[in-house]
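Trainee: Sequence:
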Amino acid sequence: MNTSVFHGVMPALMTPCKADRTPDFDALVKKGKEMIAAGMSAVVYCGSMGDWPLLTDAERMEGVERLVAAGIPVVVGTGAINTKSAVALAAHAQKVGAAGLMVIPRVLSRGSVIAAQRHHFKAILDAAPDIPAIIYNSPVYGFATRADLFFSLRAEHPNLVGFKEFGGPDDLRYAAENITSKDDDVILMIGVDTAVYHGYVNCGAVGAITGIGTALPKEVLLLANLSRKAAEGHAEARVRAKELEEAFSVLASFDEGPELVLFFKYLLVLNGEEEYRLHFNETDELNDAQRHYCEQQYALFKAWFADWSKQGGIISDLQVA
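The letter at position 184 of the sequence shown is residue 221 when you use my numbering, and the numbering goes up by one with no holes.
It is possible that some hints are incorrect.
[Said to hold, decoys possible] Below are the DSS-like pairs computed for lysine-lysine, each with C-alpha atoms no more than 27 Å apart in a straight line:
id, residue 1, residue 2
1, K67, K339
2, K255, K339
3, K132, K67
4, K255, K279
5, K132, K70
6, K121, K67
7, K70, K255
8, K121, K339
9, K159, K132
10, K121, K70
11, K55, K67
12, K159, K219
13, K132, K255
14, K55, K70
15, K159, K121
For the record, the hints were derived by calculation from the structure and aren't laboratory data.
Make a model of the complete structure from these sequences and hints.
Mentor: Encoded structure:
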C-alpha cells in the first residue's frame, strides 16, 4: 500500500469559527490550501488540534469532504468515545477519497483495556481497508499501543502502515526500537513539535505532524529539512537543526499542553487571521498573562530567526522558497 502521504510534514488543521461559533468550513479550506502552497505534503483534520470532541460527526465529515473536494490531501482523525462513530468516520473518509487515516484509541469507556482497544482498532481498519492508516499513540488518550498489539493488527490489516508517536522522546525511541525497526515497511511519524530533531535523527521518522507549523510553516519545514539532512550525517545540518529546535522550544511546547488549540489559534490571530479568534466554547480562552507571554515568545522567535537565517550555508540551501 502506498504510504507516500506520510512522507513529509503535515499541519494539524484547527477548525475556525464563525461569529455564531459554528464551524467555518470556507476558512478551513482556505487554510488547507495555504498550507499545501507553503510546501506541506498534506493536512491532518480532526485530531486533537481540530477540536474533534467539540464537533458533531456530521460536522467532522463535512470538513473532511470540503477539504478533499478542494483537492487537498487529507489524513483523517478517527477520535471518538463510541466505536460506531469512529467506524462511520473511517468509512466516510474512504468514501470521499481521503489520503489517509489516523487511528485514535477508544477513550473513556474501557480505554485502558487492551482487548477493547484491539477490537476498536480492528473495526476502524476494517471500515477503510483501501486507505493507509497509522496508529496515533498518545498519553493524552490514556492508552499506549505496544509492539505486540501493533503487529497483531498489522498481520490482519495491510492498510495499517505505521505509527504516529505523540508521547515524546522516550516513546519515540520505543517505537523506533521495537516497532519500525522490526519491519522496514512500517513507517514512523513524529507527532509532537518538541521532538522533530530526535524523531528524524535518532528514530528514523519519515514525516512529522505539526501544530506550530500552522503559524510558521516555512520555519517548521526548514527544521524538518535540516533534521533529515542531519540524519544523513551532515555535520552543519546537525548543528543548525539543534539551534533552530532550541529557538522553537517554547512555542513548540504549546503542543504538549491541554490548551494547545488556544495558543495556536492565538498565534494565527497574531498573523492576522481573525477567523481563528473565536472558540466553540465562549469560555475557552487564554487569560491576559498567557496572551502576553505568547506575544513575547512569538516576537522573540521571529527576531531571532531573522538574524540567525542570515548565516546562509546549509540554512539557505534547505529553506523552502
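Trainee: Give a verdict on every hint.
Mentor: How the hints compare with the structure:
no. : hint           : verdict
1   : K67 with K339  : holds (24 Å)
2   : K255 with K339 : holds (12 Å)
3   : K132 with K67  : holds (23 Å)
4   : K255 with K279 : holds (17 Å)
5   : K132 with K70  : holds (21 Å)
6   : K121 with K67  : violated (31 Å)
7   : K70 with K255  : holds (15 Å)
8   : K121 with K339 : violated (45 Å)
9   : K159 with K132 : holds (18 Å)
10  : K121 with K70  : violated (31 Å)
11  : K55 with K67   : holds (14 Å)
12  : K159 with K219 : holds (21 Å)
13  : K132 with K255 : violated (32 Å)
14  : K55 with K70   : holds (19 Å)
15  : K159 with K121 : holds (12 Å)
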